[in-house]
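> Given these sequences and hints, build the entire structure.
Protein chains in written order, with my numbering: chain X, 1 to 228; chain G, 1001 to 1611.
Be careful, since some hints might not be right.
What the hints assert, rightly or not - Covered stretches of chain X, as calculated for chain G (at least 3 residues, CB under 8 Å):
hint: 1; segment: 59-71
hint: 2; segment: 181-190
Said to hold, decoys possible - Under the rule of at most 20 Å between Cα atoms (straight-line distance), these lysine-lysine pairs were calculated in the PhoX-like manner:
hint: 3; chain 1: X; residue 1: Lys73; chain 2: X; residue 2: Lys9
hint: 4; chain 1: X; residue 1: Lys182; chain 2: G; residue 2: Lys1130
hint: 5; chain 1: X; residue 1: Lys51; chain 2: G; residue 2: Lys1130
hint: 6; chain 1: G; residue 1: Lys1045; chain 2: X; residue 2: Lys51
hint: 7; chain 1: G; residue 1: Lys1153; chain 2: G; residue 2: Lys1045
hint: 8; chain 1: X; residue 1: Lys73; chain 2: X; residue 2: Lys51
hint: 9; chain 1: G; residue 1: Lys1129; chain 2: X; residue 2: Lys182
hint: 10; chain 1: G; residue 1: Lys1042; chain 2: G; residue 2: Lys1129
hint: 11; chain 1: X; residue 1: Lys9; chain 2: X; residue 2: Lys91
hint: 12; chain 1: G; residue 1: Lys1129; chain 2: X; residue 2: Lys181
hint: 13; chain 1: X; residue 1: Lys51; chain 2: X; residue 2: Lys72
hint: 14; chain 1: G; residue 1: Lys1582; chain 2: G; residue 2: Lys1594
hint: 15; chain 1: G; residue 1: Lys1130; chain 2: X; residue 2: Lys181
hint: 16; chain 1: X; residue 1: Lys92; chain 2: X; residue 2: Lys72
hint: 17; chain 1: X; residue 1: Lys72; chain 2: X; residue 2: Lys176
hint: 18; chain 1: G; residue 1: Lys1153; chain 2: G; residue 2: Lys1042
hint: 19; chain 1: X; residue 1: Lys73; chain 2: X; residue 2: Lys181
hint: 20; chain 1: X; residue 1: Lys51; chain 2: G; residue 2: Lys1153
hint: 21; chain 1: X; residue 1: Lys77; chain 2: X; residue 2: Lys87
hint: 22; chain 1: X; residue 1: Lys176; chain 2: G; residue 2: Lys1189
hint: 23; chain 1: X; residue 1: Lys72; chain 2: X; residue 2: Lys91
hint: 24; chain 1: G; residue 1: Lys1153; chain 2: G; residue 2: Lys1129
As the list claims (entries may be wrong) - Derived DEER-like restraints, expressed as beta-carbon distance ranges:
hint: 25; chain 1: G; residue 1: Thr1183; chain 2: X; residue 2: Glu76; range: 47 to 55 Å
hint: 26; chain 1: G; residue 1: Glu1186; chain 2: X; residue 2: Val114; range: 50 to 58 Å
hint: 27; chain 1: G; residue 1: Glu1186; chain 2: X; residue 2: Arg168; range: 19 to 27 Å
Just so you know, these hints were derived from the structure itself, not from any lab. From a predicted model like this one, the values you see are computed outputs, not experimental measurements. For each residue, glycine too, the CB sits at the ideal point set by N, CA and C.
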Amino acid sequence: MNCEVCQLKELVSLGPPEPRQEVEHIEVREVLRCILHTILFHRALGLVRPKDVDLELFDITYVQCGDVEHEKKINEKIDHFIDRVEKHPNKKNQICLSFYEVKNKQATWFTNKVERHYWEQWYINLNTVQHPKTHSGKSHHPKVVVDPGETASEERNARRTALESSLREVLFQIIKFVNEKKDHVPPIPNLDGVSFPYEITISSSSDSAFGMDMLKRMLQTGHPTMLS
Amino acid sequence: MDLQYGRFEQILTQFLLKSIHIILDSRVPSTRPYSRCREVKKSDKWFNLALGDRPSALENLNFWHRNLTEPIIIDIILVQEPPNSSCGYSLLPTTSGLGTFTETVIERWVVQCEYLRTMTPQSSDVSYKKTYKKSIILLRSLFSMMRLLPAYKAFRKLSSTNQTCDFDINYKVSTFSVPFSRTEEELMKHYSFIPVDAQQGRFAISVTYRDNLSHFNLEASTSFPPEIITDYVGSPLTDPLRTFPSSLERRFHATPLLSRGMHSPSSVPFQRPHSWTSGLHRGVSSPQSQPLAGCPVLYRASYEVSSAISDTYGRKVQDCKSPAHYEAASSNDSYQLSPPFSPSPSPSPPAYLTSGNPVQTRFRSESAPVSIPHPIVGRSSRYISPNSSDPNRNSLPPLSPRFTKHDSSSQESPSGTRSLRKPDSLRSAESSCGMTYLGQKVSRDAKDDSGRFSGLLSSSDSPRVGFSRSSSRLSFQDDLDECDFSCPFIVDDVDTSESQANRNLDLRKGSEASSQAISSVRKSQDAAVGALVHMLRTAPPLRLDSSSYASGFEKSELESIAGAGSGFVLPRKTSDALEELKAYSEMKELLLCKSGSITSRAGSKDETSSS
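Right under this line is the structure:
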């Protein structure tokens, strides 16, 4: 069975002006929570009670499965992602949400790991741009009357509007992919909520293993069908 | 083969039901049940998507949609008052001051099974399990899409409990629709979900929607905090028989809701119709539409008082009913799909028919006065109910049968008291309509219906039906209670003699003698008014004269009145004053004479003594 891969449109988020400003990471949290839960809702084919969630920063409502355990798991992954972003600012970061099937254990000489067969992978590309410093003590033009607050605010608003538009496009992209690709979905087990096991991995362009990780998956799952 | 087809039909029917449920649940607040049972019902487990109770109107879907090949078209209609309605132009004057309104289809959903003309071997091999699995995915994406389209924002505004809106959302479900005009098509976009292959065809969902709703100026404003109006009802200090001006009538209709702690609207929107059609179409772009052919006009579901009120009010008597009664292909169902499904009877949705013009029917309904069933005096506290929570609802007094004394022709009400007017008149009217789906009883506390029915749609024995439609969650019980509050505010025409006697009563209010007389003849609160009227009619004239008193007064009362005359100021005429003056002058002369005679006698005695 082939693994369907979906590369979601890149999103650009403006990072906080100062590192470790938790309040400014809300944008990243909201975006990731929205996308991950939306994907999960379309792949949690067990019995669910859908739950509407309104984003705080954007005029978008997404749907959750209503499973507290999975919500907690996603929040943890998002925390890891934010830590990574803080360590590696101005980098392109990627979250991969993969759905897999557990194949029969094959005891081998080299490994006794449980083999996973990935049948679908979603790549969320989030580019966190460092907040530009609008006020500098080393300004060479002290007489220039510039209101850095307003400029920064306007820029932030513009970026946020663009991010909201991009996020909406990503959600449409998810719906479109989910609709077009249905044959590769395995039979639904008799479980409530999230019926298929999944994993969330984080990588960034600075990682040396960034490309290797992808390559490894490609070798495991065969020739992927790229969909952009 | 029959078993396969039976399973296919079952999946298709449930697919249609679930699709309509998702669409209505995401666009029309009134169709959402107030309370969702925590336990997922069997019927709700279909496609592993638990949405809660279905709108009651969906229960009869299989009755009017017998031909599964026909598409089901759901129009989401935005209802607004045109901007020039405040300029005084309106097709029909209404006492509530509401003018015309416009309806615009902002979304059109088409759910259908596309039957394939030629059955290829591949299509026939499609297992129902795969069909079911893919249908689950399709419905998930439909659910998400409902939240991404522009109309969702309007829905959220309506659903908001602390906002009042100057628009409303209605819907129409039918198997036929009026095509969009070229102008409308240019403003709309189209999206089709990828169909799901099934044994006999393909399950398809598509939508044509307005991409931009900004020019509708869908305003929402924060409503006023709930206020309790205490001086309108039965305050001892107010005139209980005072006729309220018509402009305040709308407010009075809302007062019962206010008294429950609901939000008062800044403006009361118009009434909303719902429609379910069966092969009959209605031009939704025109506010005035002809009555549907083939069926007499019964009534038209009225709009809510206000979305904010109804949403806050939004209680729905939703007993967790058994799953919808499903007849088609259920006999072969030894097999159960994901949700084990056991069909069981459920109450049928109420029946509706569309009338020609909702404004007209509204006008009719508002012109029908309702008499006060009992005197308000002394019972004012009854109508001041600050309780807004559900448990307190039970503490409301039971509804008097006199409250149902409404104009039978008035099928709508701005206040949602419609349900009470319906039972008998609706039954008789509906039976005369020639509805074929009879014999289904609708319980009194049935769910909110989600549409108006026309043609051959629904059963006739449905008393409730139409009131809570678009954005209302009024339950039947709530409507009963609402009428309980609203009826007393609707004042009947009072006899002029009674009103005049009442005014006279006010003049004598402070009089001790009057109070004594009143208290002496009053036997019960119910007879108080009559006694007052009688007493005032037989009231003594301005001049205290025992001969002119009516026989109704006892002599002791007369004496008491006379005795109190020293402190009792009576209006007097000039002639009386002159006569009194004359009497005083005579007395003065008499006294002077007497004093003169005394002094003369005293003088003569002195003279005699001195001599």
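> Could you tell me which of the numbered hints above are not met by this structure, giving the numbers in increasing order?
3, 5, 7, 16, 17, 18, 19, 23 and 24
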